[in-house]
Structure formats: C-alpha cells, structure tokens
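Produce the complete structure using the sequences and hints provided.
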Amino acid sequence: MDRHDEYALADRFNLNEWKRIYKYVIPYKKHVYMLLFAAVGTGIFDAIFPMMTRFAITNFIEAKTLNGIWLFVAAFLALALIQLYFNVIYTQHAIRIEMGVGRDMRYDLFSHVQELSLDYFNATPVGFILARIMSDTQSLGAIFSWQLSAFAWNLAYVLSAAVNMFILSPPLATAVLLTIPVVALLAGKFQKKLLVLNRIARKQNSVVTAGYNENINGAVTIKELDCRHRINGEFADINGEMRRKAFAAKRVEMIFFPCIMVVSSGALAFVLGMSPVMVNKGALDVASLAVFISYTFTLLDPIETITRTFSRIMGLQANVERVNSLLDAAPTVTDRADVVEKYGDIYNAKKENWEEIKGDIEFRDVSFKYPDSEKYVLENFNLKIKAGTCVAIVGATGAGKSTLVNLVCRFFEPTSGQILIDGVDYRERSYLWLQSNLSYVLQTPHLFSGTILDNIKYANPDATMEQVIDAAKQAQAHSFIEKLPEGYNTEVGQGGDKLSTGQKQLVSIARAILAKGKILVMDEATSSVDTQTEQMINGMTDQLLKDRTSFIIAHRLSTVKNADVIIVVDEGKIIEMGNHRQLLRAEGHYYRMYTGQWEEKRQDEFFRNLHNDK
Amino acid sequence: MTGSKYDFLKKQMKGNYKYLFTSVFFILIGSFFSFLGPKLIGVAVDSIIGTAPFDLPAFVVDVINGAGGRGYFLANIWVVILVFLAIKITEAFCEFMRLGASNYLGENLGYNMRQSIFERLQSATFAYHKGIYTGDIIQRCSTDIDTVRMFVLEMTDIIRVVSKIVIAYWFMTGISLPLALISFTTVPLVSAFSVYFTGKIQKRFLAADEAEGELQSRVQENLSAPRVVRAFGKQKQERDLFEKGNNLFTDMWTNMGNLMAWFWAIGDLLPVLQVILVLSSGTFFAVKGLITPGQIISFMVYNNMLAWPIRSLGRIFGNMAKATVSLGRINEVYSAPQEDYDSGIDMEIKGDIEFKDVSFSFGKQQIFENLSFTVPAGQTVAILGASGSGKSTILALLARFYDADSGQITIDGVDIKDINLHTLRQNVGIVMQEPFLFGKTIRENISITDRKPDMEKVIESTQIAQVHRSITNFENGYDTIVGEKGVTLSGGQKQRVAIARTLYSGAKILCFDDSLSAVDSLTDANIRKELHKRVEGITTIIISQRVNTLMEADKILVLDGGRIVQQGTHSQLAEQEGIYREIVKIQSDIIEQTKQEAQG
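Line by line, the protein sequences are chains A and B.
All the letters of the first sequence, read from the start, carry residue numbers 0 to 613 under numbering that gives the first Met the number 0.
All the letters of the second sequence, read from the start, carry residue numbers 0 to 599 under numbering that gives the first Met the number 0.
I should point out that these hints are in silico values taken from the structure, not numbers from a laboratory.
Please note that the accuracy of each hint is not assured.
Unchecked claim - A few chain A positions that, by computed beta-carbon distances, are all more than 12 Å from chain B:
1. Asn13
2. Ile43
3. Pro169
4. Ile179
5. Gly187
6. Lys188
7. Arg242
8. Arg243
9. Phe309
10. Lys357
Claimed, not checked - Lysine-lysine pairs mimicking DSS-like chemistry, simulated, CA-CA at most 30 Å apart:
11. A:Lys357 with B:Lys235
12. B:Lys451 with A:Lys202
13. A:Lys385 with A:Lys357
14. A:Lys63 with B:Lys287
15. A:Lys280 with B:Lys38
16. A:Lys28 with B:Lys243
17. B:Lys321 with A:Lys497
18. A:Lys600 with B:Lys528
19. B:Lys363 with A:Lys497
20. B:Lys363 with A:Lys600
21. B:Lys243 with A:Lys497
22. A:Lys600 with B:Lys129
23. A:Lys515 with A:Lys560
24. B:Lys243 with A:Lys29
25. A:Lys383 with A:Lys600
26. B:Lys202 with A:Lys482
27. B:Lys129 with A:Lys497
28. B:Lys451 with A:Lys600
29. B:Lys235 with A:Lys22
30. B:Lys594 with A:Lys600
31. A:Lys560 with B:Lys584
32. B:Lys594 with A:Lys560
33. A:Lys341 with A:Lys374
34. B:Lys243 with B:Lys202
35. A:Lys192 with A:Lys385
36. B:Lys235 with A:Lys350
37. A:Lys497 with B:Lys202
38. B:Lys355 with B:Lys416
39. B:Lys363 with B:Lys129
40. B:Lys456 with B:Lys439
All of these numbers come straight from a predicted model, not from anything done at the bench.
Using N, Cα and C, we set each Cβ at its ideal position, and we do this for glycine too.
Below is the structure:
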C-alpha cells in the first residue's frame, strides 16, 4: 500500500478485510439491533402515511361523513408520535455506534502505533498515520451506523411500499416494481463512476494545495528569478486540471439526476395509461389510484439512496485496507517472549524485575545497515564505553551522526553483532527498561501541549514541585519560567510553539534532567537555538555529563573538545576517531572543521568587540 | 486599492453571469414544470378517470372540451401520457441545464478565485511575504474559497426554494385559499425552528469540534515526536492520555447526538403535523362540499413538495453567515500590497552599479546611512562585514525587494526605480545562503526561468557551479526530483544547484549572498575560476566571511555600522591598518594556535 497516496483505490471488494474489522461492531450489537429496529420502523411508517390520506378520502370525503374523524386524527397523531420516537432512537443509537466503533478503533490503532519502531516513522509521513487513526476510523464507524441504517430504512420503505402497492393493485404493482432493477442498475453504474471521479478530483485538490504551499514558500525565490509568469502558468495548469476533474464528476451527476427523473416518470406514465382500464373493470377506485401514484412518485428516491449507500460502502474498501495495513505493521525492535515474561511489555512493565543500570556500553563486532537501505554504515565496529564516559559524534548535517545513538538507544538493533549494556546483550532485557533509563535532548525540542510543568514532568510524572524547580534551575530554565505570568502553569501550545525555540530547548533539557537517565544523549541540542541559549547550554553541559554515560552529537566543535572520545562521521561512515588532540595532530577532516569554525567564531567576536569599543 | 469583499466577488464573477442567469432561468422554468406534472396527474385521476369537473383555468377547459372532453381523453389516455412525459422531460431537461450552468458557474468561480489569489500572492511585495504564515494562507485558499463557491451555488438554491414555495402556494391557493392559508401557517414555524436549531446546536458543534481538534493535535504531536516518546519510554502514558481525550471527544459527540436526535425528530415531526392539519381540515372542507377528492389529492401532493424547501431555508441562512466570513478572509489575501511590474523602461543592461548616499531602515532600526559605492560592469566586488551588518540588505535593495528611504541606486546610470521590474530582476541574479529549490527535477529547477529548457545550457551552468558530477551520480541524473518526494540534497549541493540556476537565467549581475558557505574552499575557488573563464562581462557581488573567497575580488568593501569603512583590493587592504588586516591575521593565527593545541 502506497503510504504517500491518501486516495489510493482498492481494486475490488475483499470480504476478508471487512471480517477483521467486524469485531469492533460486536460490543455494540444491542445498539445495532435497536438501530435496525428503528430504521425499519421508520421506513414502514413512512410508507404507511400515504395510506392515511387514502383512508381519509375513502372513509370521510367520499362517504361524506365526519363520523370518527377525531379518532382518525388521534390515530394519525399517535402514529406521528411513534414515528418521532423511532426517529429519536434511530439517531441516538446510530451516533452511539458510530462514535463507539470509531473510538475503539482509534484506541487500538493508537496503541499499536506506540509499539512501532522508529523506522516506521522515518518511512511514513505523519499525515498518513494521522488520517488512518482519525478519519478512516470515523468513516468506518459511520458504515455500521448511518450507512447500515440508511440501507435498512430505505429497504424497509421500498418493501412496505411494495406490499401496499400489491394490496392496491397487484398487476400495476408488478409492472412498477419491474422498473426497480433498471433504476438500481443505472444508479449503481453512475454511483461507481461518481465515486472514482470524486476521488480523482480530491486527489487533484491536494495537488493544488501542494502548489500553493510550495509557491508561497518559494515566493521570494520566484521574485528573485523573475519566473512569476511561468509559475503562474504552471499553477493555471494544475488549477485548470482541478476544474476539469471536478467538472468531470459533476457532469455525471448532471446526467444522472435527469435520467432518474425520466425513468421514474416512465413508470408513472405506465400507471396512468393502465388506470382507465383498471378503474373501468372496478379493480381500482380513484382514491386508491391516487395513493398508488404517490407511491410510484416516491419509490425511486430510496432506491437511488440504496445504491448510493452500497457504492459508498464499496468505496470504503480502501479505508478498511489502510486500517488493517496499519494494524499489520510490525515493530522491528521487539522483545523475545521470555524477556517480556520477565520484564513486561510497554503497557505492563514489571519494574520489580528491572535491574539497576550502571551505564557501561560495549559495541561488539557490530555491523549495521538501515532497513530501507542496502549499504552498511557500520562494519564490525568495536568500542567499549565505560560508565561516565563522554562520547562526541561530529560531522556535517546529514552525514549520519545519529546512527550510533540510534543503536545505543535501541531505536534500531545491530544487523549483526551485539551491543552490551553493563556487560549483558541489551536484547536480554526489554527495550522499555533501556529507554526508561535515557535522558534525551533533541535537536528540535518537541514539547507537548499542556503546561511547562507537565512537560518537565513528562518522563517522571511523580516528581515533586521541588524536584521540578531544581531540574529547571539546572537547565537554566527557571529564571525565564518564573518571569512568565503563569509561571510553571504556562500553557506551551501545540508542539510548545508559544515558547521560543531557545526556551523550548531549555525546558526539554530540564525534562531530560528530571528523567534521571544513566545514559544521556544530546542530539545537536544547540543547532537550532540562538547564540545566547547556545552559550547557556554549553555552560551547563559539564554539570549534565557528571555521573552519566553521555553521547553528544554536534555540528559545532567547541562543545565537544573535552569529550573522552570524538567520532567523526562523513557520508554515513566513521572516518576518524580519537580525542581532540589526537585528531588535531592528524590534520584531517576534524582539523579542517575545527579551524574553519574557529575562524568564523573569532571573526564574529572581532566584529562584536569593534562595536563595544566605540 | 483595497476593494470591499463584494467587489472581489464581482471581479471573480466576471464572464460567468451568463451561467448564473442560465441557471436561474432554468430554475424558474423547472420549478414551474415540477408542479405541472402532479397537477396533470391530479386532473387526470380526478376528472378523466374520475368524474369530477375539470379544475383548470377556463381557457384550458375550453381546449379540452374542444378536443372532445373527458370521453375523448379517457379513450385516448395516451394523449395525456404524452403530455405528461413531455412535461417530465422538459423538467428533466431544465434540471440538466440548471446543474450544468451552476456547475460551470461553481467550477469557474473556484478556478478564478484560486488563480487570482495565487497570482496576487506572487506579485505581492517582499515585505508582505515576510509577514505571513503559509498554513493560514493555504487554509484561506482551500477551505474559504470552497465555502464561498458553495455559497454562490446556494444563492441559486434560495431562488429555487423560494420559487418552489411560491409556485406551490400559487397552485394551492388556486385549489383552496383557506386550506392554503392553513398550510402556510407552518412555514414560518418550521423556518423559525430551523434557525433556532442551527443557532442552538452551533455552539455545541464548535465545542465538540474543538475536542476533536485537540485530540487530533494530541495524536499529531505524538506522531511527530516518536523519538521523544520512545527515548523516555512513555508509550503507556501517551496511550492513557489519548484514551482520555478519545473518550471525551466520543462522549461529547454522543451527548450532542442525543440532543440532535430530538431536534431532528421534531424537525421531521413538524411536516407530519402539517399534513395531519391540512388533511383533517381538507376532509372537513370536502365533506362540506367545498373541494373535491381530486383537489385534496393534488393539494396534498403540493403540500408534501413543500417540506424539503422550507426546511432548507434555515440551513441556507446559517451558511450565509459562514460564507460572509470566508469571503472577508479571502479578500484580505487578495488585497495584499502589490508590486508594480508594468511601468519603467525595458533596457539592455551592462552592469555598472552605483549606490549614491543610500539610507535605509527597518522600522526604527537604521541599517545604512549614506552608503555610497560603485561596481563597474564586468568587475567583482566583495563585501565583508559582521553578521547583521546589512550585507544582504544591499542585495535586497538592488533587486528592489525594498526601496531605499533616501539616496539613489543606479544601473548603467539609470535609477533602478525607472527600470521595469522584470528587466531589473532578470538581470540581478541573487543566490541565497539557504536557497529554495522547487519539488521538481534538477533539470527543471535549473531551467526554471526558461519555458523551453536548453540541456546544453543546463550542463554548462552545472559545470561552472561544480555540481554536474554530483548530479550525474544520482540514479536519475538530471531527472532526480528534489525535496520531500525525491532526493534530499546536502546544503552544499543545494547551493551549487542554485548557483547553476542563476547562471542559467543569464543575469548580467550575479550576487552571492554567502551562498558558498556550505561548499568547501577548493570547490568555492573552482566555481569562481570557471565563472570568470566562461562567462564574459558578468558583474559579480560576493558576500562572504571567508577571506579566501574575497581575496581575488577587484574591490573589497568592508561594511561596519551601516557604513563602508574600508575599500580596496586585497593587497591594498592587507597593507592598511584596519578591520580587513585584522581578519586576515585571525586566519593565520588560528592555524598557528591549532598546531600548538595539538601538541598540548
């Protein structure tokens, strides 16, 4: 299944895929029965109402008497109230099922996604997973409620109308009902076509949106290159394509509705043509004829609805497959059954069996390639890292600096060889055990909606306020937090966007400190922050490194000078390794990077001092 | 300049009024015919098959009687059928034409709005683009445009609904005025109920929508930060939080559903009550001999045809408010300040540049004061200065992204304000430090300024920019797609592709805005060497921090505090006391110091 294509079409109906999601309906069986009951009831009542008109005409108007009219009105009112009741329970149960099925599916999908490994997220756009969890589940929830009941309701209406028509006049009814397959076939064909065309139009719509996105982001470049006319022309092409594709779908509707009208009037014309004979023979009275005609009028609408519902359900095949495919996605990092037995899984951790971690790490003959690649980025790599040691990994952006950290954190596992933590292969323990012992600071400081307090306590929800403030102080975040009007209770907004990047990073460092992990990872922690924050972070690094085995990934070399081991990475491979002095003496890649950066820094300082002097 | 939002809509409607009028015309005809059908059936059942007198205008009755009266039509019922079919086919045809016209109208309107907004954005000023959020603009360009498009179509729906109501009552009053009045009493009631309901439920909808939005954000945050969740082993916590939000959202909708169930059911009950009312009063009238059974039947048919139009009135009014808001939001984008591409002279540009006493400030911050310098055609000038000293702003002024507050900038002696903006920008090529590449192939990116890409020229440009070999190393070579859907280029590769792109454009003045920063020194030197060997008479402005890059320039300007504090060639400046010499010294110092550091 193409992860980038939101609107991929399933080729054909596959019942097995549907059977798998059927289990989500089972808990709502009772509601489904009630819904069907109400739907059928509504349908039958809708079909009864025209009979009431006939009853009034025959029994009062033609009989020229008002005897019993109040009883009739009362009965009619009673029917209307029962109908009201049907309508109410209909909606209530439908929503109950729709939301319930949706909720349960969302929960399962979300829980499953938490178990997936990082490689899945690297290969899958967020929008794709989001759409599975949020909108596909909703569409499927609607199937078992609204679509199903629309089906039942309309079917009930058609059937009871058919019964009534047969009671009124069997030969006429037979003739009229013969048009049903024609309409159903016609409608089915149109609906299928419409479904495909609408999808195509929606797909083009996302092309238009992408066009806006790219060319608004690139607007300055477009000005600068003065290629506005070309870009406008290109947009006109995709925009015109959008109009053409949307219109293609509309054209089908345009032909479809008048066609249905003509077919239904054909049926009516037939009834009308036959009626003089029928009335003459005494097989039908005038009032019954009128009722019969009103059924003929209203019969074809429900049939059209039935086919539409049917084709919509067929159209959701792709959604079902996408949901199933997400549930089928398997994590690449998993624990063996006996490990789960002892240490528990991510939802039921058996912390009582967890060993204390010291922080000794050893790479033993580790070879590694990323799952989506053929190229080995590590081959027979050996490295012993004693607890408390600081390892720095440097290289240009995109050079593959994160690989070692990904392996240490068990976001990925070695393709061959072993990684030992405190002398034991880390696969002998659960990945949650390891990951619960990490303190991790990322390049882009992701915070979650909620308060600053929530975010600092993220890894350690039981921490006291004192501990939180202590961590914030260590991270030099306390002073800016205190200055905020709401202090620690300040809402950070989605992704923490109400704070500046620098502030976010300080909060995320406080979060890492409070996590109290024995292994610290600083993944380009200073690359996206301003100079001032960068200096603050560099200033606190020594404090952070104490008592921890740490990995510092950096682009700026001033941060890593004091590391015990510096690993230089380029194009995915380790090209140099040693401490600062050794690497400088080698006058290789590290040497060039270091002098280059120093030069820039000194120039900046020079210019700054120039102004301070004045 | 800034028109009202309705002016904007009028502009978009240009050329589409014919569809609007066609649509309205067929709505009116169609609505009329949609009532003729039931009328004919009613009369046929009543007066041809039944025996009641014809309930028709006198002249029609005359025609019928002229043709032979009831007996003739009863014997030749096919005539009635033909008339009926003719009516229905006309009605179907009207529906076809109505749908066609309004679909043309809608899609054209959508097209026009999307295109004109897009083009306005492309010619909006540089300052405007610096101040917008892409996400917000896109929201306006998609959702809001759609809302307005749908609404214009719904406007024609109003006509349909109203004309249906009017025609229905016209027929109904023709049958029985008192009965029509009774039926009509429910119209304001149902409309009022719809409006009330829409207003009442709106707030709850918004609240439930918000809960959904929050849940969605929660999921999005979780999915965007899988590394954080896993790095702290917080999957369970995430799931529990999600469960809370998921349940809240579900409960809110379910509760609202329970309420809506009543609203909807009552909305359905009202028309039924109306039917009961009309039917029972009709019965009274009929028994009293005021109307015939056939009349009752056709009256009831018309009455039933009213239920849908009346109920949709409330919905349309609700949407009208939404559409007005959307229209305002789109018009805001449409009213973005525009650049003037039309005026000014179109001239051949040689490349003599002069800044004369140029001052410029951003808001309160003064960037330059009386800046003056010249760049003779064909020469290379390098600019050195601290970050934030306004080096890039010089280029922004030269390309007229901004206009100077005072002073004059000339090219070949002509004030750039008098040069046509196209001419100017085509000749001033700026390569930025973090260039933007389009999600197209490398070939298309390089030849973006050209409708018919010349492959030879593309390769020549990439060879000068020292990126040809990297490109041919990609699996798909020049057809490699750049960006999200394709290959991610490194910073240095991006810069070099952008250089090739600007070379391809044939600009006479080439500006490098620190755009060699991600390229190593050797490649940097090669690019400059090739450039001078292969491109004749090109004027170059280089902004850089790297002395090696600046060294060979014909003239080096040292910028400090918004002024030029030094200018001259490398050898001249290296001999003078001043910033330049200090910077050169730093470089040699570092090499020395690093050696010492390595020894410890």
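Here is how each hint holds up against the structure:
1. Asn13: The assertion about Asn13 (chain A) holds, with a minimum of 27 Å to chain B.
2. Ile43: Holds: least Cβ distance 15 Å, greater than 12 Å.
3. Pro169: holds, 19 Å
4. Ile179: holds, 18 Å
5. Gly187: holds, 20 Å
6. Lys188: holds, 18 Å
7. Arg242: violated, 4 Å
8. Arg243: violated, 9 Å
9. Phe309: Non-interface label on Phe309 (chain A) holds, nearest chain B Cβ at 23 Å vs cutoff 12 Å.
10. Lys357: For Lys357 (chain A), whose nearest Cβ neighbour in chain B is about 18 Å away, the distance exceeds 12 Å, so it holds.
11. A:Lys357 with B:Lys235: Answer holds: Lys357 (chain A) to Lys235 (chain B) is near 25 Å, not above 30 Å.
12. B:Lys451 with A:Lys202: holds, 28 Å
13. A:Lys385 with A:Lys357: holds, 9 Å
14. A:Lys63 with B:Lys287: holds, 8 Å
15. A:Lys280 with B:Lys38: Holds, at roughly 25 Å.
16. A:Lys28 with B:Lys243: holds, 24 Å
17. B:Lys321 with A:Lys497: Answer holds: Lys321 (chain B) to Lys497 (chain A) is near 29 Å, not above 30 Å.
18. A:Lys600 with B:Lys528: Holds - the C-alpha atoms of Lys528 (chain B) and Lys600 (chain A) are around 28 Å apart, at most 30 Å.
19. B:Lys363 with A:Lys497: It holds: about 26 Å lies between the C-alpha atoms, which stays within 30 Å.
20. B:Lys363 with A:Lys600: holds, 28 Å
21. B:Lys243 with A:Lys497: holds, 24 Å
22. A:Lys600 with B:Lys129: Answer holds: Lys600 (chain A) to Lys129 (chain B) is near 28 Å, not above 30 Å.
23. A:Lys515 with A:Lys560: holds, 25 Å
24. B:Lys243 with A:Lys29: Measuring from Cα to Cα gives roughly 25 Å; hence the hint holds.
25. A:Lys383 with A:Lys600: violated, 34 Å
26. B:Lys202 with A:Lys482: violated, 36 Å
27. B:Lys129 with A:Lys497: holds, 20 Å
28. B:Lys451 with A:Lys600: violated, 45 Å
29. B:Lys235 with A:Lys22: holds, 24 Å
30. B:Lys594 with A:Lys600: Holds. Lys594 (chain B) to Lys600 (chain A) sits at ~18 Å (cutoff 30 Å).
31. A:Lys560 with B:Lys584: Holds, because 24 Å separates the two Cα atoms, which is no more than 30 Å.
32. B:Lys594 with A:Lys560: holds, 15 Å
33. A:Lys341 with A:Lys374: Violated, because 36 Å separates the two Cα atoms, which is more than 30 Å.
34. B:Lys243 with B:Lys202: holds, 22 Å
35. A:Lys192 with A:Lys385: Since the Cα atoms of Lys192 (chain A) and Lys385 (chain A) sit roughly 66 Å apart, the hinted pair is violated (cutoff 30 Å).
36. B:Lys235 with A:Lys350: Cα-Cα ~14 Å, so holds.
37. A:Lys497 with B:Lys202: holds, 26 Å
38. B:Lys355 with B:Lys416: holds, 14 Å
39. B:Lys363 with B:Lys129: holds, 17 Å
40. B:Lys456 with B:Lys439: Satisfied, since the Cα-Cα distance of roughly 18 Å is no more than 30 Å.
When held up to the earlier numbered hints, the structure conflicts with 7, 8, 25, 26, 28, 33 and 35 and fits the remainder.
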